[in-house]
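Asks: Going by the numbering used here, 439 is the number at position 239 of the sequence shown; the sequence numbering is gapless.
Simulated from the structure, these hints should not be mistaken for lab results. Quick reminder that beta carbons are idealized off the backbone N, C-alpha and C, glycines included. The reader is advised that the hints may include incorrect statements.
Stated by the list, open to error - Estimated spans, in silico, between C-beta atoms of each pair:
#1 A480 - E819: 55 to 63 Å
#2 L804 - R281: 57 to 65 Å
#3 Q709 - E659: 20 to 28 Å
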Amino acid sequence: MEDGVIRFALALERTTRVKRGTVPMHVYAAAMADLANELLAGSGLSAHDINGWIASSTESRDQADECRLLSILGLVAPAERHLALPHPGHHLAHASAAFYTSGFDHAVALIIDCYGSRVGNGRERETAFSFRAGAKPETVYRIVRDADRIAGYRRDGHVWTPATLSGIGEIYRVVTLALGFREAGTTYDDAGKTMGLASYGKRFTEENLFYSAAPDGQVEFSRAAGSLVELGFAVREGNELRLRPRAPRAPCEQIHYDLAAQVQAEFEDAVLHVTRHVLATTGSRSLVLCGGSFLNSNLNARIRRETDVDRMFVFPAATDDGNAAGAALYAYHELAGWPQTTAPPLRHVYLGPRRLAGVDLKATAERWGLQARRHAGTSPAVSAAAAAISRGEIIGWFQDRAEFGPRSLGARSILCHPGLPGMKDRLNARVKFRESFRPFAGSVLSERAHKWFDMPTSESPFMLMVCPVLPDQQSQISEVVHVDGTCRVQTVAEDSPGPFRLLLEAFEQQTGLPIVLNTSFNLRGMPIVERPEDALDCMYGSRLDRLFMGDVEVEPPDLAGLCPEPVHATTAGSVGLPVAGDVSGATSDLPEWQRLLDLADGSLSVRDIADKLGEDAEELVDLALELRRLGLLRWTDCPAAARPTFPLPQYSPDTT
Numbered sequence: 201m202e203d204g205v206i207r208f209a210l211a212l213e214r215t216t217r218v219k220r221g222t223v224p225m226h227v228y229a230a231a232m233a234d235l236a237n238e239l240l241a242g243s244g245l246s247a248h249d250i251n252g253w254i255a256s257s258t259e260s261r262d263q264a265d266e267c268r269l270l271s272i273l274g275l276v277a278p279a280e281r282h283l284a285l286p287h288p289g290h291h292l293a294h295a296s297a298a299f300y301t302s303g304f305d306h307a308v309a310l311i312i313d314c315y316g317s318r319v320g321n322g323r324e325r326e327t328a329f330s331f332r333a334g335a336k337p338e339t340v341y342r343i344v345r346d347a348d349r350i351a352g353y354r355r356d357g358h359v360w361t362p363a364t365l366s367g368i369g370e371i372y373r374v375v376t377l378a379l380g381f382r383e384a385g386t387t388y389d390d391a392g393k394t395m396g397l398a399s400y401g402k403r404f405t406e407e408n409l410f411y412s413a414a415p416d417g418q419v420e421f422s423r424a425a426g427s428l429v430e431l432g433f434a435v436r437e438g439n440e441l442r443l444r445p446r447a448p449r450a451p452c453e454q455i456h457y458d459l460a461a462q463v464q465a466e467f468e469d470a471v472l473h474v475t476r477h478v479l480a481t482t483g484s485r486s487l488v489l490c491g492g493s494f495l496n497s498n499l500n501a502r503i504r505r506e507t508d509v510d511r512m513f514v515f516p517a518a519t520d521d522g523n524a525a526g527a528a529l530y531a532y533h534e535l536a537g538w539p540q541t542t543a544p545p546l547r548h549v550y551l552g553p554r555r556l557a558g559v560d561l562k563a564t565a566e567r568w569g570l571q572a573r574r575h576a577g578t579s580p581a582v583s584a585a586a587a588a589i590s591r592g593e594i595i596g597w598f599q600d601r602a603e604f605g606p607r608s609l610g611a612r613s614i615l616c617h618p619g620l621p622g623m624k625d626r627l628n629a630r631v632k633f634r635e636s637f638r639p640f641a642g643s644v645l646s647e648r649a650h651k652w653f654d655m656p657t658s659e660s661p662f663m664l665m666v667c668p669v670l671p672d673q674q675s676q677i678s679e680v681v682h683v684d685g686t687c688r689v690q691t692v693a694e695d696s697p698g699p700f701r702l703l704l705e706a707f708e709q710q711t712g713l714p715i716v717l718n719t720s721f722n723l724r725g726m727p728i729v730e731r732p733e734d735a736l737d738c739m740y741g742s743r744l745d746r747l748f749m750g751d752v753e754v755e756p757p758d759l760a761g762l763c764p765e766p767v768h769a770t771t772a773g774s775v776g777l778p779v780a781g782d783v784s785g786a787t788s789d790l791p792e793w794q795r796l797l798d799l800a801d802g803s804l805s806v807r808d809i810a811d812k813l814g815e816d817a818e819e820l821v822d823l824a825l826e827l828r829r830l831g832l833l834r835w836t837d838c839p840a841a842a843r844p845t846f847p848l849p850q851y852s853p854d855t856t
């Protein structure tokens, strides 16, 4: 951050290629140092050029812990330039990120997430601060959970929670885990799936099962655990609940749709209850929001429509990766002694390191065995991409600096036509490998948005609002219309940097539609691509029809002509594939994936294997791609994206 403006920001998962950045603790310091040095190098700086360093964590117990946080960055951060948030710092960092990038001169900041900093024997739960330029923020509302535990932890192959649940974000997280939505091998919940699933269901009852409004902006949760037990999603064992989630690959049934609908509706009402209380007690008509709960785009739209605010801003990196920015912004405005001014509003989040400058992208693609051609400049490349989308292709769109936060906003995106029937299902099944109920966002020219959507605000640049699609327009953009008639909207303004705006304009010229379907450039379970090699790897791992990297257009490989071989370190049972029971020994009795792996010796192509099995080659390609995504096979005849290497744990006998 320089002069109060974020210049570079990136989440650890993008460079480690580990979702959520959950690298082993013994490599965390090295991974963070590598990331910090990469961001510094991108700015032409060294560690000694930085005036101050600051960090944030949920696990600080007191002020001494806050001051010790930067020891994790001892590889790069000079000790004499360490700064520290006042304890508890987690929610304050969230709030600072939202206020100091809003462009407002005053506002109330509301923070709601699953859990915040430790406070004594408890944890921050919901917090609000009053901000005014030139003055220190004041805490105006704080609810602290009376225990410092985190609900949702693994033990003995099950997911457990305390028998007593509390917290708006915690309840949503636990229900999400009960629905079976979590990152493989972890208890990181995938709450966006619960929001998407909710539109397919109906509340069990108008009576609240999980949240109850109480006086003074409080929310009670006394029925939450019992409701999960009564619905069959948990059992009590002592002072704990053992969740009984839907199996990872099992289909969703009506009870899952209805549970999602119940918790989504109650969650929205609970947050609105707290929001109205905070606005009323402060008298503020300016609201800024942060914390993971505010990635819930349905909620954000309701807050904007149903509260008496004149202006509202949601920080786009609302989860904990955004707290790096929040801590730095707090340090600049409150700790470093620089002149206090109203910070400029955040207009874009293309804040990652530069990835295209000085790179011969055509040569890189050809090293990967892919045909590529360099267009004569941005305009012809954009026209070619728009033409590919208009004829029904699914394209990868990779531009220089990646977005900060979880949304792909036109730098690391997969794009396709919003109105061709079947496009959404094809994208879900053959590229993203994700559940069919999940909706896709629409990116629209900002000045056209009100002709297509019922917008609660003039713009939605960070894809954080769900809006009804106007009835007369729904058939033209059917693939971005969710089952409830809504769409998560990104508006793209004329001053938006990069070529994404030009692509939308070219697509409108060719089709009359100012909208494209936009989803993140990654495959299921993987972080969003960061480097060109990550994007090329996706070409070998999905049915992408074409890739555009800067001005270079890359053709897809002949997937049926590739030769697979098994990866023996991974077992089918560990990734949830069906395993054959008692079989007669005939090949036809084995699961299809097993028959494929048995013949995948690295010398036969998928097409050859299909001939031997009497299967359709294209269907076998889809299965091979799924097995590759799960880590069960690899291609012998293409490069692999380089993964970072870190030190092995000292004295560990495991050298794998």
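Asks: Would you mind marking each hint as holding or not holding in the structure?
Replies: Hints and how they fare:
no. : hint                    : result
1   : A480 - E819: 55 to 63 Å : holds (59 Å)
2   : L804 - R281: 57 to 65 Å : holds (59 Å)
3   : Q709 - E659: 20 to 28 Å : holds (22 Å)
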